[in-house]
Every structure is written in C-alpha cells, then in structure tokens.
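A.B. asks: Top to bottom, those sequences are chains A and B. Using my numbering, the first residue of the first sequence is number 1, and each one after it goes up by one. Using my numbering, the first residue of the second sequence is number 1, and each one after it goes up by one.
Keep in mind the hints are simulated off the structure, nothing from the lab. Treat the numbers as computed from the prediction; the structure is a model and nothing was measured. Be aware that a few hints might be false.
[Claimed, not checked] Going by beta-carbon spacing under 10 Å, a handful of chain B positions derived as facing chain A:
no.	residue
1	Glu35
2	Lys48
3	Pro111
4	Arg114
5	Gly160
6	Thr162
7	Pro181
8	Val182
9	Ile185
10	Arg192
11	Ala200
12	Gly209
13	Thr359
[Stated by the list, open to error] If you want a taste of the chain B side facing chain A, the calculated C-beta under 10 Å gives, among others:
no.	residue
14	Glu42
15	Pro73
16	Gly198
17	Glu199
18	Gly213
Glycine included, each C-beta is placed from N, C-alpha and C at the ideal position.
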Amino acid sequence: MDAFLTALPALGDAFGLILQPVVLGYLLLGVVMGLCIGVFPGLGGIAGLSLLLPFMFGMEPILGLALMIGMVAVVPTSDTFASVLMGIPGSSASQATVLDGFPMAKKGEAARAMSAAFAASLFGGLMGAAFLTVFILVARPIVLSFGLPEMLMMTILGLSMVAILAGRVAIKGVAAAGLGLVVVTVGAADAGGSLRMATYDIPYIVDGFQLVIVGLGIFAIPEIVSLLRQDRAIAENAKLGAGWFDGVRDWWLNKWLSLRCAIIGVIVGVIPGLGGSVVDWIAYGHTVQTTKDKSNFGKGEVRGVIGPESSNNAKEGGGLVPTLLFGIPGSGSMAIFIGAVALLGSGSIEVGPGMLKNNLDMTYAIVWLLALANVLGTLICIAASGGIARLTTIRFTLIAPFLFMLIAFAAFQSGQNFGDLVALFGFGLIGILLRRFDWSRPAFLIGFVLSNPVEKFTNQAFQIASFRFRESTEAGLDYIFSPIVIVLLVITVVSVVLGVRQASNIMAEGDVKTGSKRAPLIFLFAIMAYLIASYWNASLINDRLIGDKIIPMVIAGISIAGCLVLLVQMMMKPETDMIFADREAYGEDATAPHGLWGTLAWFAGLLALSGLLGFIIALAIFLVTFLRVRARLSFTRSVLYSAIGIAFICFVASLLNRDFPPGILQDLVTLPWPLG
Amino acid sequence: MTLKNNLKIALASGVALVAAATATHAMDMSGKTVEWTIPFSETGGSAKWANFFAPLLSEALPGEPTVVAKFMPGAGSTKGANWFQNQKDGGGEVLFGTSGSTQFPYLLGDPRVRYEYKDWIPVMASGTGGVAYLNKEHGAKFDGSANGLKGVKFIYGAQGATSLDLVALLAWKMLGMDVEPVFGIKGRGDGRLMFERGEANIDYQTSSGYLGGSAPLVEAGDAVPMMSWGALDENGVIVRDPTFPDMPTFKEVCEATDGCETSGPAWDAWKAFFTAGFPSQKIAFLPNGVSQDVIDTFVAGFEAVRSRPDFKDIAAKQVGKYPMFVGEGAVQAAKDATTISPEAKEYVVNWLSEAYGVTLQ
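Build the full structure now, drawing on both the sequences and the hints.
C.D. replies: Dropping the structure here:
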C-alpha cells in the first residue's frame, strides 16, 4: 500500500508535466510522423526512432519523450492501413489483421474494418496504460517469475494456435508450420554457430531469413499477384459498403472480446524475450475460439480484426515494463528508445532498476504520454479512414506496380543486400504455391515467427534444467513444473483440443476447390525433399553441438512424418477430396484474364533489372512499361505516374537516410544518389 | 626551459595552427553528409556509441556537415566490415565503427573475415571495462581468491564462445572455476535478467551495464562483485579500473588463487583478448586511400569533441570514465586491439574447440 501512496503525488507531477501546450505539440508531431512511417509496410518504430535520434541529444527530457512516445505508440495503429487495404502485413504485429481485414476490404467494407481496428487499437492502448499505472509498482517480481520454462511454455501456447488455423486438412497445417519452423533454422545457429543449410560462400544465407521479408513474401505477393490477374478494383464492383461508423459500433458490440485481447497483449508485452510477433496470433486464436459462429473467419469477420488490433497496441504498453524496470528492451524499437533516453537533457534519466526510485514522475509521464498518443493517433486515423478506403475502388492494375515498388524497397531495408530481393521473390513463390494448394499460410508464418524462441528457450531451459537435476531431482522438477508452467500447459492442451475439433469449420483463407492429383502431389514431394535435406544436413553437425542440431532434426522429422501421412491419404483418396485443393483448377484464379506466371514475371523483371541497373533506373523502366503495356495508359500518363512514384520513394528514402539496391551497373560506374 | 626552447615550441605550435587552419580551409564540409556505418543493429552498444558521438562530431567538423549513424548488421558484424574493406576514399563521407565483436573474428581467423584492419585508418578509439559478480550464496565464499569457489557448479548466460564473453569464460577457467555457459542469449542484458531470475548464478557486465543494472543488485545485497578486468596503464600493465578503484582486478584475484598464474600461455592469451576487447573496444575508421587532409580534419574534429569542457560529464554515462584516444593514440589503440601472438591465438582456438566443440573453419 505504501508504494501506492508514494505513487499518487508522482502521478500528479506526471500530469503536470504532460499537460503543457508545448509538450502536447511535440506529442502531436511525433504522432503524425509515426502515422506516416507506420503506413509503410516493413518500416516501423525502429526506422522512425532512428530518424529522431540525432535530435535527442541534450533535448529537454519531457519534450524528447513526447516526440518519441508519440512516434512509437501509433505505429501499430497506422500499420492497419496496409493490412486491411492491400493485404500486406504492415508490421509483424498486424499479420493476423490481414486474415479478415483484407477480405472485408474486398467486400467493400474497408472503412468499416479500419475504424473497427482503430477503435480496438485505441481501447487496447488505453487499457495498456491504465493497467501499467497500477501494475508497474508491483511488476518486478512478476516479471522475474517468468523464467525460461515459462517462456518456452508461452511460445508453445503460441504454436498451439496452429491447431485453429491449420485449415480443413489438419495435417497439412502441421506440415506447413513445421516447414516454417525449419526454414528459420537456415543460417548460423545462435547457440553454437553451426551452419545449417547454408555456406559461408553465400554470406547472405548465413544470417538466416528476416521476418519482414517472409511476411511480405508469404502474404503480400500472392495477394497482389492474384488481384492483378483479375484486372479490377480491390473492392468487388468498386463500391464502398459499410462506413466508418459501423466499424466503431462493431467494436462496441465486441468490447469484452477487445478487453480480453488487450489483457493478452499486456501480458505478452510484459514478458521480455517473447517479442511482439506472437501476440496478434494468440489474440486471433482466442477470438476464433470464443466466437460461436465460426463460419465467417477468413471471409471478413469483423471480430477477427478487433481481436488482434486490441492486443497489439496494448502490447506496446506492456513492453514498457521490461524496458523501464530492467533496462531490457522488449522489442527493437524499445532498444533504441533506451539509448535515446540516455541522450536526453543532462542524461539524468537512466532506464533500468533505478527508474522507479529516481524518476517515478517520468515513468508515469511516459505511461500517460503513451495513452494520449493512442487517442490522438486513433482520432486522426478514423478521420482519414473514410477517404483512404476509396483506394480500394481504384482499378488495381494502377496500384500494383507501386506496391511492388514499396515492398521491394521495404524488403531491401532489412539487410541492404540484393539477396533481400531474391529472398522476397523466393518466399513470394512459396506463398503463391501454399495459397494455391491450400496449405495454411498463417500456420507457416506462426511456425516461422516462433521458431527462434522455441529453439532458444528449449536449449537454454534444457541446459539449466539438467543442471538443477544434477543438484536433486526435486530441484529439477520444481524448476520445470512451476505453477505458471502448469497453468499455461492446461491452457495449451484445452486450446489444442478445442482447436482440432473446430478447425475443419474454419477456412481462414476461404473455400478452395479441387483439381487433378498431379500438381498437389508434386508440391508435396518438393516440400518433403526440402525437409529431408534439412534433416540430413542437421544430422551432419558435430554431436558436441547438440543444441544446434536437435531442433531442426526433431521438427523436420515430425514434418516428414506428416507429409508421409498426407502422401498415403493422397494415394487412397479420389481426386475430388479436399486434400487435393488447387486454386488454379476452379474459381477466380482459374478464370482470371491474366496468367499466374506472366503476372509474376513482371515482378521478377523489376528485381532482375534492379540487379543489373540498380533500383531506381530499373523502377523507371518497370513502371513506365507496366503502366503502358499492362495498364494500357497513354505514354504521357505512364511517364507522369512513374515520375510521381519515383519522386515519392526518393523523398522517403532521403528523409529516412536509406539506400536503394545497387546493381552491376553501379559496380562499374559511380552514379550520384539516388541512381548510384 | 631556455628561450630557444620556448621559441621552438611557439614556432611549432604556430606551424601546427596554420596547418590546422589550412586543413580546415581545404576541407569545408558544409552541406555534406558523413555516413558513419555501424556493422551492428540499431539496438546495440555500438549504436549507442555512434549516436552519442555523431552530433558532437558534426558540430566539431568544419562546415558542420550532417553526421548520421547507418546500420549494416549481419554475420556478427563481419558483413559490414567486409563492405567497408571495399570502400575507397569517400572524401570524408565514409566513416566506420568497429567493436570487440569485429576484432575477435579477425583475431581468431573466422572464415567470414575478408577484411584487413591494417588497411584502415583509425581516427578515434574508446574503451570500456568489465565486472564479474556472483550471487549472494556463492559470493559469501569469495575472499579475494577463488579458492573457496572450486567445486561449485556455476551457470552463466553467454552470447557465444567467440564473442566478448570469451574473456570472462577464460578468466573463470584459469581460476579453476566450473562455469557452464548457456549459449545463445542476445545481449548482456539478457544475461543479467537470467541472473536476477536465479537461473544463472554468475554474470559479467561491461562497465556501463554494471553501473546501470547490476550495481543496484549489489546494493540490495542480491549480488556480490568479484573482480573487474582492470585497465591498461601507459606501459601496458594491468592496473585497477578507474571506474571501480575499490574492486580487485582479475590479475589480483588470479595471483591470490592457487593454480592460477599471471604468466605463461594462458595468461598471455587472456591478456591479448582482454586488450582487443576492452581498453580499445570501439574504434572509428576512415577507409583505405583517404587523403591526409581528410584524416587531419577528422582527427581535429574528434580532438575538439574530446576537449569540450562538458565532455567528461556527458561522456561518463555514455562511454564511461575511460580515455578516448584520438589520432596517434587511436592508431596505437587499433594496433593493440588487432595484434596477438600466434601462440595466444592457438591457445584460444584449441581451448574453444576442446571446451565447447567450436571450430572456426
């Protein structure tokens, strides 16, 4: 109780600090910048904060905090635009929003989906702040009670969401998740540094694949290519249906769901080491489980938008706990935040264990700036959503080339290597095939997101547990089966049992008809070949470095077994069975005016040209040709639109101090920026 | 001091001033952008270091060019270093920053290393120290020697065998302690959290990490400091760390501990890697082939940063109370950080492969 009595005056001081016009002005500035950056897929809080860093040195602390918090807080709000409008995950925290948000946009309900998402984001952000106000005083022991076994269990709970999102053929979902898990192990292992499915001759692969690229490849490219083949607007009939007011009402009708998901967000955020990429999947899984009529998920169920969006803003609040109390960043943007805080003023604020003792008023100022930034950001976004939703009524062929431009640019930012573009294309291809044959893409992505934590926590928890067991069996069991682990275990088992029972009703990616046996079989064999190669490759690693080989071998082994079961089923069942789902056989894709490979070739052309001439020159050629040939615009218009697009991307890049992918040409001659 | 000598000095400083002035004239950098590439992510200690110096350097360079930190993480910083190896000249617009994690793979002959420190021109270097500490239970058995700690099973959250952590692991091994590293954590902060949760019972932090996160644990009685790595004096002898004058150095603890020797191949290897990893941990380089004008301009710029009246205060938090080397000092620091004897290298490579199965091929 004492703690709360000391907190009250600090809370008052904090409000005094915040409620000055100049502070609010800086906050608004930060919010606007955050919204602009968050709209870009692949750019998030890290890019934004890096932009602000040079100005932080010696700045008045409360002003600097207002600017930075304003920026960080609204990124998970504005990334909704890309997720809903284009089907591109705006950031790793809004991947699950795509599943139902984008189908809503296709139905012409983009404004409704977005305002529901924004209302949920606002509520989540406020809940996060309110929760923190009380919780931050007592959080330390709770955070410390989450050791490695507890974190491993949380990760497994996240993985159990695969059961719900696996699709109609559960074993396919399991294999897809397994594939995702195995793909991450490519590169140098974290623990012992062994190379897995990689060689030092191709340095790019040694680092493994980045989530940004996989997210864009698996979700964005298949959707863009598929829409582009139709040559129409995103919203069918190019008409807008329900407006922004309906979205807010949808949120209100589901406020309890929103509350539960916000709490999930805070809890996941509070635990350092889990990262934000899991939270939207857990929230989505929870939403599906608690919805009576599950038939609409994947086809534009508004609850599927409200759940993840409530959780991802709440997560930002939760993520402040480890950041402020332990000086341990919960995410990449928080890590920069810590560094930036030390630059403020005279450097008297130091994030870490002393924060509550020495700077309680600043701590509360940060928490409530966060809440206020959420309110500002949401109001701006809701106001804008009606207008921006009109984008979905424009002929998609005019938007697509600029989307290719954006995602190629975003992907390149992750490693600043041409390999990023190759990887983006490769994952795009995998995404297209997974979609075509109805292998669950969400399951693949969940596997990908959780692979590193699974491997890390398993190895580390195993090492420490065996250490405890050497002490005594009792100490070992106490360590592994703590009360938190047991509770999480029960939740996981219940969620898997429920999930498996319900999964066949949930088509997260819509209904798919079947075709002949040949194509799905070939795809299955290709996946099996990769899994077997991974298994064999991992088995070659020295046994001393068991930590580097055990996870790839076990996961690949399970996935291979899953594929074998599938193979047997495929041999037994007739080709009308849903196991042979093939989008090219029947439906929208089969009747599309443009072919799959021809459409994809446009994108491949852009990337290949970039490799030769550098990004900007390639972009100029690509945009003009595409608009002229594919979109059949007049030559003048093609050039004009292309010039606007290129000017825009150059402006963004120069603002954020980013480079463009260079090509062979740039190796030979030195060209001025942005060409060189 | 004679009049002649005084005159000499006056003349010399006059020449230096003129030289500096001409250099400044020759190198007006207004409107230019200095890109300071850091081969790590935005979130690490090197990013903090560059972000701290960047605005100060910008003010100090003639024409106040924009100085921005750029990040090129990958392959344990070898990717960025390999990139920098191919940079030519740059006219002062290319600056690079390395850390211990760039030095160690170079020293150990990591196959990913395609860079050569000797080609680069160091202009500034700064160092840090490190502190090892124990949990309450085992700290009680520590009496200035590690004799009481033999037979205790220690567990330690480590980033990797070839990272800076090898300095700590080798020190504990030399003291005859049984420390089992749990590899794969992402930064020393995660190691401290593991220690706080009681999963690890020994830890080490760099100076700033210790002051920010671990010193409060010591105050609360949950941790007991064991030793600092020490600092190097002008003669290259290990002395007490100026930031922790009351704490014994590893050298002192080693001398007090049975079976630990401060001479011989093990000690030489430890000292070599300590020298490469701590006293000149972070170094700013200009690329191969840059003109003398550019070098002079940057040396003068960093010199101006160092001689700011408020530098000591603002630097204490960011880079610690450690000397910052500029110009000749930085050249020497870079040399110290990137030279080890073949014996020391062989010792560490053998130890890594025997103790942890890590091979560097």
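A.B. asks: Each hint should be assessed against the structure and marked as holding or not.
C.D. replies: So, going through the hints one by one against the coordinates:
1. Glu35: holds, 8 Å
2. Lys48: holds, 4 Å
3. Pro111: holds, 5 Å
4. Arg114: holds, 9 Å
5. Gly160: The hint holds - Gly160 of chain B has a Cβ within 10 Å of chain A, the shortest such distance being about 6 Å.
6. Thr162: Hint on Thr162 of chain B: holds, closest Cβ of chain A at ~7 Å, below 10 Å.
7. Pro181: holds, 9 Å
8. Val182: Where the cut-off is 10 Å and the nearest Cβ of chain A is about 5 Å from Val182 of chain B, the hint holds.
9. Ile185: Check passed: Cβ of Ile185 of chain B comes within 8 Å of chain A, closer than 10 Å.
10. Arg192: Since chain A brings a Cβ to about 8 Å from Arg192 of chain B, closer than 10 Å, the hint holds.
11. Ala200: holds, 8 Å
12. Gly209: With a minimum Cβ separation of about 8 Å from chain A (threshold 10 Å), the hint on Gly209 of chain B holds.
13. Thr359: holds, 8 Å
14. Glu42: Because about 5 Å separates Glu42 of chain B from the closest Cβ in chain A, which is inside the 10 Å limit, the hint holds.
15. Pro73: holds, 8 Å
16. Gly198: holds, 8 Å
17. Glu199: Since chain A brings a Cβ to about 5 Å from Glu199 of chain B, closer than 10 Å, the hint holds.
18. Gly213: Since the shortest Cβ distance to chain A is 5 Å, the answer is holds.
Consistency note: the structure conflicts with none of the earlier hints.
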